[in-house]
Amino acid sequence: MDITDFYDTFFEEAEELLTDMERYLLELNLEEPDAEQLNAIFRTAHSIKGGAGTFGFEALQKTTHLFENLLDHARHGELNLRRDIVDIFLETKDMLNDQLTAYRNGEEPDQEAFERICKTLQQLAEEEIKARGDGSPGAPASQPQAQTREAETEAAGEGEPAASLLIALLGISEENRALLVEELEQFGTVIAQSGDAERYEVELETTTSAADIESVMCFIIEPEQIETRSATPSAAAAAEDTSPASQAAEPESKAAAEPIAASGASEAAEQAPSSQTTAPELAQPVEPQKPMEPKKTASKPPAKPKGGAENSSIRVSVEKVDQIINLVGELIITQSMLDQTVSQLDGVTNGSLVNGMSLLQRNARDLQEAVMSIRMIPMDFVFSRFPRVVRETSSKLGKEIELHTEGESTELDKSLTERIIDPLTHLVRNSLDHGIEKPEEREALGKPRVGHLTLSARHQGGNIIIEVKDDGAGLNREKLLAKARESGLSVSDSMTDDEVWQLIFAAGFSTAKEVTDVSGRGVGMDVVKRNIQGLGGSVQIMSTAGQGTTIRIVLPLTLAILDGMSIKVGDEIFILPLSTVLQSLQPTKADLYEMAGEDLVLRMRDEYLPVIAVHDALDVEGAQTDPLRSIAVIVQGEGRRYALLIDDLIGQQQVVVKNLETNYRKVPGVSAATILGDGRVALILDIAGLHHLSQRKKEARQTSLDTSAKPLPTSTEVALS
Amino acid sequence: MSRLTSDALSATEGENQQFLVFSLGEEEYAIDILKVQEILGYENVTRIANAPDFIKGVTNLRGVIVPIVDLRIKFHLDKVEYGGQTVVIVVNVFDRIVGIVVDGVSDVMTLTPNQIKPAPELGMSMSSDFLKGLGSLENRMLVLVDIDRLLTSKEMALVEQVEQVAG
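Protein chains in written order, with my numbering: chain Z, 1 to 721; chain D, 1 to 167.
Read the hints as simulated data drawn from the structure, not as lab findings. It is possible that some hints are incorrect.
Result set (DSS-like, lysine-lysine): computed pairs, CA atoms no more than 25 Å apart in a straight line [as the list claims (entries may be wrong)]:
(1) Z:Lys469 to Z:Lys479
(2) D:Lys154 to Z:Lys697
(3) Z:Lys698 to Z:Lys568
(4) Z:Lys469 to Z:Lys483
(5) Z:Lys447 to Z:Lys479
(6) D:Lys154 to Z:Lys666
Simulated restraints, written as ranges between beta carbons of each label pair [what the hints assert, rightly or not]:
(7) Z:Val316 to D:Glu43: 32 to 38 Å
(8) D:Arg96 to Z:Asp619: 23 to 29 Å
(9) D:Asp107 to Z:Asp678: 30 to 36 Å
The C-beta atom is built at its ideal place from N, Cα and C for all residues, glycine as well.
Using the sequences provided together with the hints, build the complete structure.
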């Protein structure tokens, strides 16, 4: 077994720990820091340091070490946390993240950045901790081990004395054992070690709690491979006795531990002296870690066992989950095929079969739901990054803003959560920059100084609704209209508020008086809208002048299932995403207008919509070609509306989206495929693509009529020939 | 041609190979049996608009969408009929699953290396690039199709080709 095998585990866990750290740091109440939270922050740094030390990630280890020192002072109340200190901590966290990424890519982290952050941290330690004036404690972290250790023992006053722990390593091969023992030496002094591959016992004199040791070791081995307990009850007692005695606790407890080790297994006693002498040497390279350990106080709650998370969740590759979803989809289709057959049978003579079928149907649906829920992750995954965004953006803008989140537990498909982060970040920044006013302005308006930004998520039907709500100035109708005219957009004063608000999604549109580096360049909102539409969602804006703006994103819960409208053209069935369908109507002669040549438009209220004959675009034979006998479905795609001419509407149904490109290629006018209840494949139409297709067909016909045949627009999509 | 001869050479050096023999019209063709995933009847194929005529469409193979290619159209056979005998051979080529329509599947043959002869330059219907060679049996001749090359070729348009510009 190679130690590099564990790298990935370490990276993943360290990443999670850093995320936790950031969350704790942001939640921290600076006036009254919660001891529990400070401990939690300390533990995250400590765990990362432990892992980094084991794998030899030197820069990461050193940075975390310095960081951990500061955090340790903080949790003992020796360092008064201020906002700027927390900012430095956050910066350190980012730095650690960068280092982690560098190691992950097999590179060495940026040395300059590393030195800079170390200097900052050391400086902070010197300034802040010495400034407290009580002399002895809080020596800068870079000081030699012994000195720091003494100083800190002194500072802590009643620092827990070293206790003797018996650590059993189960099922560890010989070559890995040495490595693990070396790791244990970072926590204290190894007094004795013995055993075989199956069970190897190490007696360790340490001030670190058993839980902490376990949590660090879990980076390297499975939680069930390690067992810790106090060496003997008397040892613990002896160690405890020494605690109030004096600062000499350390040598004393060492003395106490020694005889106990000797009274233990005889071979352990034999090994004890040698291991004691070698221990300090071995510990040399990782020495700086040591000063931390004596400071663990008795009041420190047991570290959250790292292994605990593994019991409640497992990591599974998305591929496996998708395969299960696929198979369940198949099961549902088979079940509905059977159902059709059974429904034709006589219910009286085949009663048990019919009953069985209804049971099967229920179970299959439950199964599908359960399987789909595997891919769902809570919105917290998305929301958790915003405290940082809000904090940084607001301080950059000189605004005071409080962030509230609601509905963090609302679940959403993983692929969607990943793709909603960017648009959402943009909307949040926009609200912070343009929405919420400066504190002085707010006071002048009689509003509370502190602006509020609320992020919320909730389920509604088959959709998730995400809202970004601020209590800022709201959108300014006149300003928007004026700006729109300036940009050459066609607007009129009679436009409804809704229509005016939608203007902010027009490309190159910004109403900010000045461009800041946060937002206001006018790029982005159009991209936001396009991205959200790309996910099958929509954006709505509600705004009241002086009271704030709410931007609402409506998204489907998953990309794997789509609410579809099945339509018929000729003998073929196609699916339209229901989210694109606005309405359907029977066109009359008065509604249809012919435009130059073949183009047909449909008038709906004040709008003229391009007409796309689906049978023409997709070459369907035997379809209704007379527009007046077709049904027109008004659809929306990429911000434009079209009228599709089809033969018939069949009905709404949920369909499982299947990728066409897995085995074939992209097909123009088609976004994906699905499997219908009878096992046939139906294509899901892509509105914008369909429009391009029909345009190109018309052009092709035109050119073939023209004698001066101009070449077809080149395209990578179609072979029209 | 040098590539072909080297192919034939490597085949002579190699072990006996098994081929699945199928018919297109009167002719007998064969493909490497290891490429074959399964054999289906021809049914429920959904047409894809604006695709070349030999791409019949896509079908549902246990939840996977699989394109169906009619080799008879591709090879310009006179008679293309779909009946009870029409068979789809599902092949797996570079992790892509493709169904090919043939008139019928007859048997599985083992060819020794010296039964595989290099293919001569054929007519327009099929470039010899897509042939592994000709298999000669007592009174039969099998056209050994290099299904990998054939299905990933540009003219099959089965795979997205970045630089391909159709017009």
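Taking the hints in turn, this is what the structure says about them:
1. Z:Lys469 to Z:Lys479: Satisfied, since the Cα-Cα distance of roughly 21 Å is no more than 25 Å.
2. D:Lys154 to Z:Lys697: At roughly 23 Å apart (the allowed maximum being 25 Å), Lys697 of chain Z and Lys154 of chain D satisfy the hint.
3. Z:Lys698 to Z:Lys568: Since the Cα atoms of Lys698 of chain Z and Lys568 of chain Z sit roughly 22 Å apart, the hinted pair holds (cutoff 25 Å).
4. Z:Lys469 to Z:Lys483: Given that 25 Å is the threshold and the Cα spacing comes to 24 Å, the pair holds.
5. Z:Lys447 to Z:Lys479: holds, 22 Å
6. D:Lys154 to Z:Lys666: holds, 15 Å
7. Z:Val316 to D:Glu43: 32 to 38 Å: holds, 36 Å
8. D:Arg96 to Z:Asp619: 23 to 29 Å: The hinted range 23 to 29 Å holds for Arg96 of chain D and Asp619 of chain Z, with Cβ atoms some 25 Å apart.
9. D:Asp107 to Z:Asp678: 30 to 36 Å: This hint holds: roughly 34 Å between Cβ atoms.
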